[in-house]
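Going line by line, the protein sequences match chains A and B. For the first sequence, the residue numbers in the working numbering are 1 to 309. For the second sequence, the residue numbers in the working numbering are 1 to 208.
Think of the hints as simulated: they come from the structure by calculation, not from any bench.
Derived DSS-like pairs (lysine-lysine); straight-line CA-CA distance at most 27 Å: (1) B/Lys175 - A/Lys233; (2) A/Lys233 - B/Lys177; (3) A/Lys284 - A/Lys294; (4) A/Lys284 - A/Lys233; (5) A/Lys113 - A/Lys123; (6) A/Lys294 - A/Lys233; (7) A/Lys113 - A/Lys160; (8) A/Lys169 - A/Lys233; (9) A/Lys233 - B/Lys172.
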Amino acid sequence: TRALSSSADCFAKQHQLQQQLHGGSMPEHQQRTPTTLSATLSALRRSPFTFSARLYSTDAARPGEEEEGEGEDVREGKEEGAGVRGDDTGAEDNSSGGDSDSLREDLLRASMKHVASLGFTMKAVQAAGRDLGYSSAVANVLPRQEADLIEYFLEDCRAKMNAELDERKEEVAAMRIRDKIAEGVRIRLRLTAPYIHVWPRAIYVMSQPPNAANSLCLLHSLVDDMWHHAGDKSTDYNWYSKRMLLAGVYTSSELFMLTDSSPDFEETWHYVDRSIGRVLQVGKAGSDLLNLFKNVMDGASPAGKSTRV
Amino acid sequence: DGGFAPSATFGGGTAWRSLATGASGEGEEKEEQAATTTGRVDVSELLRSTQSAHELLKSFYLGQRRGQRGRATGGSNGVSEVNEVVDMAAVEDARMRWYGEDMPRHRVRPSCLLPLVQAAGFAGGLVATMLPASGKAMVTRAVEETFAEHINDQLRELHERSSASPASAPVKQLKSKLIDTRDAARETDGESASAEEGEEGGAPHVVS
Numbered sequence: 001t002r003a004l005s006s007s008a009d010c011f012a013k014q015h016q017l018q019q020q021l022h023g024g025s026m027p028e029h030q031q032r033t034p035t036t037l038s039a040t041l042s043a044l045r046r047s048p049f050t051f052s053a054r055l056y057s058t059d060a061a062r063p064g065e066e067e068e069g070e071g072e073d074v075r076e077g078k079e080e081g082a083g084v085r086g087d088d089t090g091a092e093d094n095s096s097g098g099d100s101d102s103l104r105e106d107l108l109r110a111s112m113k114h115v116a117s118l119g120f121t122m123k124a125v126q127a128a129g130r131d132l133g134y135s136s137a138v139a140n141v142l143p144r145q146e147a148d149l150i151e152y153f154l155e156d157c158r159a160k161m162n163a164e165l166d167e168r169k170e171e172v173a174a175m176r177i178r179d180k181i182a183e184g185v186r187i188r189l190r191l192t193a194p195y196i197h198v199w200p201r202a203i204y205v206m207s208q209p210p211n212a213a214n215s216l217c218l219l220h221s222l223v224d225d226m227w228h229h230a231g232d233k234s235t236d237y238n239w240y241s242k243r244m245l246l247a248g249v250y251t252s253s254e255l256f257m258l259t260d261s262s263p264d265f266e267e268t269w270h271y272v273d274r275s276i277g278r279v280l281q282v283g284k285a286g287s288d289l290l291n292l293f294k295n296v297m298d299g300a301s302p303a304g305k306s307t308r309v
Numbered sequence: 001d002g003g004f005a006p007s008a009t010f011g012g013g014t015a016w017r018s019l020a021t022g023a024s025g026e027g028e029e030k031e032e033q034a035a036t037t038t039g040r041v042d043v044s045e046l047l048r049s050t051q052s053a054h055e056l057l058k059s060f061y062l063g064q065r066r067g068q069r070g071r072a073t074g075g076s077n078g079v080s081e082v083n084e085v086v087d088m089a090a091v092e093d094a095r096m097r098w099y100g101e102d103m104p105r106h107r108v109r110p111s112c113l114l115p116l117v118q119a120a121g122f123a124g125g126l127v128a129t130m131l132p133a134s135g136k137a138m139v140t141r142a143v144e145e146t147f148a149e150h151i152n153d154q155l156r157e158l159h160e161r162s163s164a165s166p167a168s169a170p171v172k173q174l175k176s177k178l179i180d181t182r183d184a185a186r187e188t189d190g191e192s193a194s195a196e197e198g199e200e201g202g203a204p205h206v207v208s
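Kindly produce the complete structure, drawing on both the sequences and the hints.
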């Protein structure tokens, strides 16, 4: 009963806000608050602890709940009819993929506003759910819980880093390789800086065995993008060695940043420069060794000198 | 509000769940990436396997060169004999230059078995030089024909994948490059002609 009343309060508040936004007279195609919420609550049926959602969605006495007046909200889809009529056959599950995705996207985006205070935890997701007018059970749309939130953040940071490097393409092209890489690492670390005080928990979550594979894939994507923007054109074993070394640089820099208390993380940027310098020295030494080995295999005779182009 | 603003290029419901590595590029590059690395035509595996096969062929020639040099230094005319033979390994190295352009452009990683492939090819070339001339020619011809068949398989695969949708310009370019790679003159091209005329043995005659 408490859950039902809270859901009804959320619905009333949302409806009131929309009416205020539109000056008391909402356009017909935007009068979709009741079914938006009911459709969303129907999507929550797949998760446990949605008894309150089921109760609300089966309430067919709500005024204005018609299929025709739904507008273009992608979250509604075919679910709204089932939600209004209380159809509990579960048929809407097959058609709610798009609704579920947009709900998760909205939820994760809203969760980031609470991460600074609540960390990368389900508390942030639940707070976001309340902000959006949902029940706290909405957090169950994230099957991997905190890991989903952290992966969302990591992917978003990678996209932002790529966008910034694309915008500064000409400026970056004029830099040396080591400066290009350092700039990419700095840009990426700056995106983590606002959440550095809660980042240790995120590292802990992503290092758990169920999440380790995904976190490695994300790290690979990140360093691959960094090398791509640096103009790397390797097609041999260097491709792998460069990315592994940069992954080591990035992760060590991130860990260093956790304990850096200098203004604007200056020590971290110095550490990045030192690490990249060390790595380039190691890489050069490795390639020199391999070239020596190849020369030995090719032989020392002038006729046998390699005519590699 | 925590200062978080989602990026403009990110936010689709499915985008955040994919772990694709494509970075946003400008105009033409982005179009090429979209055309060749989306589900319509995925050439990453094709490029990777073709490069591996070509590396094996090049390493085979490298092994042959090493073996021939080892045998030629034993005689007074050893150096001149080696000089007469065109360095097929260097020729193939030049022919492989297009991988260095296409693979980074399409964000294709090289095969992680590349060192193994190179070692196997080098060992095969070394062993081939220990055989009689006819045996060496047979082995070399077999390696080259297998490489050509592999290219044919890749072309067939590419044609099947691109037949459902109109082939984009990058796919057409890739097809032409594969055909050029397959049809390039190899070491045994002249030997097969001479073998048909009844000649046997002797140093390999390379047609450049």
